[in-house]
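With the hints as constraints, model all of the structure from the sequences given.
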Amino acid sequence: MAKPLILLTNDDGVDSPGLYAAVRALRGLGEMMIVAPRAQQSSKGRSFVWNQRAVTRSTLRVANTRVQTIAVDASPAVCVRYALLLETPRRPALVVSGINYGENLGSGLTISGTVGAALEAAADGVPALAVSLEMDRQYHLSHSAEIDFAIAAQWTRKLAEQILTRDLARLAPVVNVNVPSDANRDTSGRVTRASHQAYFRSTVQNGRLVGYDIMVNRETLERDSDIHAVLVDRVVSVTPVTYDLTAHAALREFRATLKALAHGH
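In the working numbering, the protein residues as written are 1 to 265.
Note that these hints are calculated values from the structure, not bench results.
It is possible that some hints are incorrect.
[Stated by the list, open to error] Now the in silico label distances, taken between C-beta atoms and shown as ranges:
| no. | residue 1 | residue 2 | range |
| --- | --- | --- | --- |
| 1 | F254 | T165 | 34 to 42 Å |
| 2 | A172 | R252 | 23 to 31 Å |
| 3 | D182 | R255 | 41 to 49 Å |
| 4 | D136 | A260 | 46 to 54 Å |
Just so it is clear, CB atoms sit at the ideal spot from N, CA and C, and this is done for glycine as well.
The structure is reproduced here in structure tokens:
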């Protein structure tokens, strides 16, 4: 029987140390293959932007593990779709996106290229794990060697094993993981929901958007949310995610409203 195939990607680019940390963490779980953006593609969500001719093939060697690597001049979501339709020798058992430079929390999840790649995999029926590490904003668009991905890598391994062996995808096609910057081997994890609050908000100066910052209202922050887990309680947030964006609680009222409209009320 063939080993399970694990497809790795990210939004920081194919040369990211966070991606290499994920490769090291997943050794032995299956055959690995990387299809990732050629360069930085943060905040691209599930956008479809690419240059089809710009594809580079190589073999990455990380900790005595050789991994077929394909760099695509494209957004993370396109990298996943390109891999699934044209490159993988068989259907992957899991897509791992990350480890990302910077946390992906709250209502801004769909902005994230890391999460966008995972959602693209899920939309094609492949379970996905998105992993992000909290850090200072100055490192978000970097490939800084100062960042220690060891604890995030341990969580990547733990949750990848669970997804592969326990068929968690039937419950949630995407698992979004965020690791606090000060996490250690004793830091616990918590199953959370995505907060309704935005975590990062654009900053404005002289009538222009000049960047972003953490702008969370702690008084109204949901205690069971991903933001509360990471920002306040300093534990690892594990959020089951689905691409079904339907407001299920509102269905009954909307049906009644449309029925009334149809009868002229």
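Going through the hints against the structure:
no.	hint	in the structure
1	F254 / T165: 34 to 42 Å	holds (40 Å)
2	A172 / R252: 23 to 31 Å	holds (24 Å)
3	D182 / R255: 41 to 49 Å	holds (48 Å)
4	D136 / A260: 46 to 54 Å	holds (53 Å)
In this structure, every one of the numbered hints holds.
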